[in-house]
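In order, the protein sequence lines correspond to chains A and B.
My numbering puts the first residue of the first sequence at 134, with every later residue one more than the last.
My numbering puts the first residue of the second sequence at 134, with every later residue one more than the last.
A couple of the hints might just be wrong.
Identical chains share a label here; the pair holds if one copy fits it or two copies do between them.
To be verified - Only pairs whose alpha carbons sit at most 25 Å apart, straight line, appear in this in silico DSS-like list of lysine-lysine:
#1 203 - 287
#2 203 - 359
#3 359 - 215
#4 404 - 320
#5 287 - 320
#6 359 - 320
Please keep in mind that the hints were generated in silico from the structure rather than gathered at the bench.
Keep in mind it's a predicted model, so treat the numbers as computed, not measured.
This is what each chain is made of:
2 protein chains.
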Amino acid sequence: MTVHDRPRVVIVGAGFGGLWAARTLAASPVEVLLVDRNNYHTFLPLLYQIAAAELETEEIAYPTRSILRKLPNVHFLMADVKRVDLVARRVEGDGVVIPYDFLILALGSTSHFFGVPGAAQYAFPLRTLEQGIALRNHILSSCERVVHEPEADKRRRMLTFVIVGGGPTGVEFAGALAELIRGPLVKDYPLPDFQEVQVILLEAVDSLLPGLPERLRRYTLTRLRKMGVEVRLEARVSQVTALAVHLQDGTVIPTDTVVWTAGVRGDPAAKAWGLPTTQGGQVAVLHTLQVPNYPEVYIVGDLAYIEGGERPLPMVAPVAIQQGVRAARNIRRQLAGQDPLPFRYRDRGTMVTIGRNAAVSHLGGWACTGFLAWVLWLSVHLFNLIGFRNRLFVLINWAWDYFFFERAARLILPLGTARGSESVQSVSSKSGALQT
Amino acid sequence: MTVHDRPRVVIVGAGFGGLWAARTLAASPVEVLLVDRNNYHTFLPLLYQIAAAELETEEIAYPTRSILRKLPNVHFLMADVKRVDLVARRVEGDGVVIPYDFLILALGSTSHFFGVPGAAQYAFPLRTLEQGIALRNHILSSCERVVHEPEADKRRRMLTFVIVGGGPTGVEFAGALAELIRGPLVKDYPLPDFQEVQVILLEAVDSLLPGLPERLRRYTLTRLRKMGVEVRLEARVSQVTALAVHLQDGTVIPTDTVVWTAGVRGDPAAKAWGLPTTQGGQVAVLHTLQVPNYPEVYIVGDLAYIEGGERPLPMVAPVAIQQGVRAARNIRRQLAGQDPLPFRYRDRGTMVTIGRNAAVSHLGGWACTGFLAWVLWLSVHLFNLIGFRNRLFVLINWAWDYFFFERAARLILPLGTARGSESVQSVSSKSGALQT
Chain A
134 MTVHDRPRVV IVGAGFGGLW AARTLAASPV EVLLVDRNNY HTFLPLLYQI
184 AAAELETEEI AYPTRSILRK LPNVHFLMAD VKRVDLVARR VEGDGVVIPY
234 DFLILALGST SHFFGVPGAA QYAFPLRTLE QGIALRNHIL SSCERVVHEP
284 EADKRRRMLT FVIVGGGPTG VEFAGALAEL IRGPLVKDYP LPDFQEVQVI
334 LLEAVDSLLP GLPERLRRYT LTRLRKMGVE VRLEARVSQV TALAVHLQDG
384 TVIPTDTVVW TAGVRGDPAA KAWGLPTTQG GQVAVLHTLQ VPNYPEVYIV
434 GDLAYIEGGE RPLPMVAPVA IQQGVRAARN IRRQLAGQDP LPFRYRDRGT
484 MVTIGRNAAV SHLGGWACTG FLAWVLWLSV HLFNLIGFRN RLFVLINWAW
534 DYFFFERAAR LILPLGTARG SESVQSVSSK SGALQT
Chain B
134 MTVHDRPRVV IVGAGFGGLW AARTLAASPV EVLLVDRNNY HTFLPLLYQI
184 AAAELETEEI AYPTRSILRK LPNVHFLMAD VKRVDLVARR VEGDGVVIPY
234 DFLILALGST SHFFGVPGAA QYAFPLRTLE QGIALRNHIL SSCERVVHEP
284 EADKRRRMLT FVIVGGGPTG VEFAGALAEL IRGPLVKDYP LPDFQEVQVI
334 LLEAVDSLLP GLPERLRRYT LTRLRKMGVE VRLEARVSQV TALAVHLQDG
384 TVIPTDTVVW TAGVRGDPAA KAWGLPTTQG GQVAVLHTLQ VPNYPEVYIV
434 GDLAYIEGGE RPLPMVAPVA IQQGVRAARN IRRQLAGQDP LPFRYRDRGT
484 MVTIGRNAAV SHLGGWACTG FLAWVLWLSV HLFNLIGFRN RLFVLINWAW
534 DYFFFERAAR LILPLGTARG SESVQSVSSK SGALQT
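Isolated chain A, as found in the complex (with noise of 0.2 Å):
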């Protein structure tokens, strides 16, 4: 592994950025080792319908092997990468070490606490495959575990569901628990509390989405009332505990369920491994994505930060895609002996979906909402799946949904908890689900 001709780049994570940095250097002169401690790349936006059990694991990871498989000169290493040296130019973890000519850091995001008590340890994070799973199954238990108990406080704490954040991954999840406990749940669980079930969504500012242009934002919040979700604007959060989310103005919400949407940081490896970050943990990075001093050092994605940028770009995937794309197309112009230029970010717009025939949609200055709106949300996104089967079967399981108002992915499976600051604990299978 460590005898090669050609130079060597080296792109570690498997997200949008890494994965098309891959792509943009296949017919390139170099060896290309895409490393990922998942076999898998996940397609993040879509990530909420995992924990609203609409849609099933498999059908937003795709195998990264299989994408790579024809393209010759990148290969793939499932390793999780523990340093990066950028002085002897080489990245190491799980016993292996890899030198590099060029490297591309396309770590991602983790989620950001604000350092509000007990949220890294109580909230749910939605991030990875792990975690979405990890909440569905907490949703679902909760659900389970209302039925046999006996006191009307905590089967209230049980069916209360509290989504902090009011951006598109709150509004999206909000939106679709509140179709999934109000729609097919209430039919399997013919009881009087499931009446009573709330979803409230909290947001620290005066409207969801900021940014949006204002119409959206009304429709936005008209609608999401109108299926029953309680959201309350400039409600910020000053403490979660296993029993409640406290907020500044005194209010005491008791509940079991706090999902965390609110803030991003860049993953905190890089900050581990010695490279210099922001306070939201990117990593500060020339208009052409690279370190500086480090000219063969790219970072792309969610850990960018462009130093000197009009305003700091959002971290989603159309950014981590073009910069990928851009930090590839600058290693070959530094190969041909051209200067690398400066990343643009072609905003193509935002699109927000709120739940069954209702979205918002933001394209080149053009607003949108209602079913059309949600029509295009739909398009677009199992356009952008990776994989025909992948795609067949969310086309399959959203019409499922909409056509006999049912939830497909609806097991508990035996999977470790990701409650509590991106760690993992682990349960017992056996009644793991019932001592969550």
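Since the structure of chain A is provided, determine the placement of chain B on it from the hints.
Quick look at chain B alone, frame taken from chain A:
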């Protein structure tokens, strides 16, 4: 939950026996409570396809509540039953105490290691959904680890897969595994080592599939060998270690993967709860499936051993289904003041698939092999799956695999491993697959 006018039938276990008993009691003047530790019913005959990366978890499991939705007198409780008190007539577990008028125990079975040293600790059982996923994770992780393993001995061990037991499960899994590795995996790992993969099937007696006609047994053996499975007959395992499987004749086969399909015994909970059990962990019952001295308690499925029967019944789904129906009907007879009837097994035959276009079937004395048997096998299994959507997805996956020589379900999911005597250890998500 304790107030009821109609007699209450409690059924423990939502496998084939328990589920069919519940369905049979649907229109009867009883309240039925079906209790299971999982919220889904698993279609175990296809479990080996989970382990062989052919099917996705959700496709062979179905939420129990949804199955029961249209049966108004049948309720479901997700709970881990910890104790059954036959004298006080109640079931206890997870903080609930459930009195019953009639009880049907359908606990099923676990792997039987026959006291072979190390087997319970190091071999992979294949009896539950999570064991299926854990085995798949282990196999796919082994293939990933080979890529960066410098020592040839270790690489060879990682690519040697030993299956113990030449019954239907062992044969089906050996065939599926050989096709997985020599087909889709070889395409994705362009390494010489992958040409040296060994799939070894060990059977203690002198034939595979004992009990089937000679012609079918011979066909199975020839076919498996043609597919590259190394079948060793009269190979008795004397020990399993972390690094090898030892045979009684002194042979040592270095391997990281021993799959145990050689034996099955009644769920040990029955013994722990004080029920009198046989050597095989089953509970001896009357011909009517009632427990001696407890006419209101029935045992069905793998846990039941009918005293004085001509020969022990196989521990398979059709027996469990027919016994579930019989127990339910006998309870109805008791309520009507009639005597319970003895159970009679209607053996419809055996089908075992070996691989692409290859299966054996023995139905009503009619033996058949090859493509026809294979199509029969596919049809029967598809028809018996629960849920139209599951059937559709399984059909698509099978067609996909068949036409594209692919395998659909190849994610190494963040699950606990189930290696070692049905117990579950857990791994950290971040590097779990590599530490297993």
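Evaluated hints:
{"no.": "1", "hint": "203 - 287", "result": "neither (54 Å within a copy, 29 Å between copies)"}
{"no.": "2", "hint": "203 - 359", "result": "neither (48 Å within a copy, 29 Å between copies)"}
{"no.": "3", "hint": "359 - 215", "result": "neither (48 Å within a copy, 44 Å between copies)"}
{"no.": "4", "hint": "404 - 320", "result": "neither (48 Å within a copy, 38 Å between copies)"}
{"no.": "5", "hint": "287 - 320", "result": "within (22 Å within a copy, 53 Å between copies)"}
{"no.": "6", "hint": "359 - 320", "result": "within (20 Å within a copy, 51 Å between copies)"}
Checked against the numbered hints listed earlier, the structure breaks hints 1, 2, 3, 4; every other hint is satisfied.
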